[in-house]
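Per the working numbering, the very first residue in the sequence shown carries number 1; after that it's consecutive.
These aren't lab readings, by the way, just hints derived from the structure by calculation. Computed from a predicted model, the values in this text were never measured in an experiment. Since no wrong hints were added, every one of them can be taken at face value.
In silico DSS-like links for lysine-lysine, alpha-carbon gap of 27 Å or less:
#	residue 1	residue 2
1	Lys378	Lys309
2	Lys333	Lys309
3	Lys303	Lys333
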Amino acid sequence: MRRAAIVSPLRTPVGAFGATLRPIPAQDLAATVVRGLVDRSGVDPEWIEDVVFAQSYANSEAPCIGRWAALHAGLPIEVPGTQTDRRCGGGLQAVVTAAMMVQTGVADVVLAGGVESMSNIEHYTTGMRWGSRSGNVALYDRLDRGRQRSQPEWRFGPISGMVETAENVVDRQGITREQSDALAAASHQRAATAQREGLFDAEIVSVEVPQRKGEPVSFARDEGIRPDCTADALSRLPTVLPGGTVTAGNASQQNDAAAACLVVAEDRLGELGLRPMGFLRGWTVVGCDPAMMGLGPVRAVTKLLDRTKVTFDELDLVEINEAFAGQVLGVLKGWGLRPGELDDRLNVNGSGISLGHPIGATGVRILSTMLHELGRRKGRLALETMCIGGGQGMAALFEGASA
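Please take these sequences and the hints and turn them into a complete structure.
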């Protein structure tokens, strides 16, 4: 079976909720990163055989976002596209779906990516198709509703949202508020250092943001990073749930961003003049109790490392999507790792708490940041993991091209 190479993983800057990227709908973010990817990789658009794009909060403004983005970005009409959704794991799923197409010979070059404009997720109603005789009509916030409806209530009971699942993990794994705040502060500090040293520059495609007056403004820096964040400052924030540990400071942000890469058959790289940054070595996805969704990566990684015969000691980088600080700590404990054992390899440039968590884009955003860092370190193996709303865990192992 052919190896699937990852070529030119790129992303837009991550916009804060309701901030700079608010005027840019998801389809425009997706098209921006697709155009940037074609330009930077040097790929002939005619070579692209499919576009696989993730979006977790899709709507009918741009249905089937993969096809929509391909057309919007100016790719040839003959290039098809599709959409995938595995919630937080959607972007990573887009990459492995593209990889399976390449590995099985269905295609040689596939564009994979993900996008989310959480600032533009709409409110909706399910009660107006046939009208309402009397009384009120409920208008749902799709963003909140998607978290509340992550599982069939008849089987698992009601879950108020992802914060509740994080508190469940914290309770089970014995994680303290102080530990969570310390990890969250470290995430911001690491991301701030990376941004200050220009480590993100090579992976970012700028976005032109229209203004009410004057020329568009070029947006090129992640805006959720707080360089002055400390554990002491975070300790003063109120918890979301009474008696809990999760606060706005030690949970992931809501964000806007897009990310993409090319997935190419290894035996076609030379002919096409494309340079890989890494190769997909293996991946897994598992289910878990929706109320404990944060622990999904525990079994997913155990299964993946067993399948690939790789140990934690062999990993140069490890990424956990940082849905919540307590969730990250719970996963580490579930893996049986000692506190601080992965400090110099885990989320070394920040993650969801500092950089943000634009749901459908996160998997490819992490991949882009991770492979660029792996190249700088001349490392061999990098592990990407995702906890997923609704009770899933996903993990993928990548091998550096320079290893």
